[in-house]
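Asker: Sequence:
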Amino acid sequence: MQRNALLLLRTGLAITFIWVGVLILRDTSMWAYPILPWAKRLLTVGGSLKPVLQAVAVLDILVGAALILNLGSWIAATVGVVVLTAALVVTGASGALATNFGLLGACLATLLLTAPDSLLKKLGLAR
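Quick note, the sequence shown lines up with residues 810 to 936 if you use my numbering.
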């Protein structure tokens, strides 16, 4: 049962990450508007947020692909946690806040369920 639940969790996260990555690549300007002014100044490259958003999109697609193929799922989930935490920081209390918190929780659950026991033991999180 736990194996099926993890498969559903990984698949749902994978589809979400891939979908969002493709959407960002299709229209980077739509994804720039919720970014807070201080973050826009920090993340702007050559006067544009486009290169940063494109990099995030590619990262999202790679995370999704790794999750759906079950290739280093715990590493992909860790990258997902970092990306979602950064999104929460740079967007603040935007409309996507609840969705990002939900995805962050799903990534953390995937990380804890797929990380090697030796790593979890070092972190004091042994199963």
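It cannot be assumed that every hint is accurate.
[Claimed, not checked] Restraint ranges, calculated between C-beta atoms of paired labels, are given here:
#: 1; residue 1: L921; residue 2: L878; range: 35 to 45 angstroms
#: 2; residue 1: L832; residue 2: K931; range: 35 to 45 angstroms
#: 3; residue 1: K849; residue 2: R812; range: 39 to 49 angstroms
#: 4; residue 1: A902; residue 2: D836; range: 30 to 40 angstroms
#: 5; residue 1: G901; residue 2: R812; range: 32 to 42 angstroms
#: 6; residue 1: M839; residue 2: I884; range: 20 to 30 angstroms
#: 7; residue 1: L929; residue 2: N813; range: 50 to 60 angstroms
#: 8; residue 1: L880; residue 2: K849; range: 17 to 27 angstroms
#: 9; residue 1: V898; residue 2: G856; range: 15 to 25 angstroms
#: 10; residue 1: L934; residue 2: M839; range: 35 to 45 angstroms
#: 11; residue 1: F910; residue 2: K859; range: 19 to 29 angstroms
Because the hints were derived from the structure by calculation, they are not lab data. In this text, all values refer to a predicted model and were calculated from it rather than measured experimentally. Glycine is no exception: its CB is placed at the ideal position from the N, C-alpha and C atoms.
Asker: Each hint needs a verdict: does it hold in this structure or not?
Answerer: Comparing the hints with the structure gives:
In this structure the hint that L921 and L878 lie 35 to 45 angstroms apart at CB is violated, the actual value being about 20 angstroms. At about 37 angstroms, the beta-carbon gap between L832 and K931 stays in the expected band of 35 to 45 angstroms. For K849 and R812, the Cβ-Cβ distance of about 43 angstroms falls inside the hinted range of 39 to 49 angstroms, so the restraint holds. For A902 paired with D836, a C-beta distance near 23 angstroms fails the hint of 30 to 40 angstroms.
In this structure the supplied range 32 to 42 angstroms holds for G901 paired with R812, their Cβ-Cβ distance being about 38 angstroms. Between M839 and I884, the C-beta spacing of about 29 angstroms keeps the proposed range 20 to 30 angstroms intact. Roughly 22 angstroms separates the CB atoms of L929 and N813, a value that falls outside the hinted 50 to 60 angstroms. At about 34 angstroms, the beta-carbon gap between L880 and K849 misses the expected band of 17 to 27 angstroms.
Taking the beta carbon of each, V898 and G856 are about 22 angstroms apart, inside 15 to 25 angstroms as hinted. In this structure the hint that L934 and M839 lie 35 to 45 angstroms apart at CB holds, the actual value being about 38 angstroms. Hint check: F910 to K859, Cβ distance near 27 angstroms, so the stated range 19 to 29 angstroms holds.
When each numbered hint is compared with the structure, violations occur for hints 1, 4, 7 and 8.
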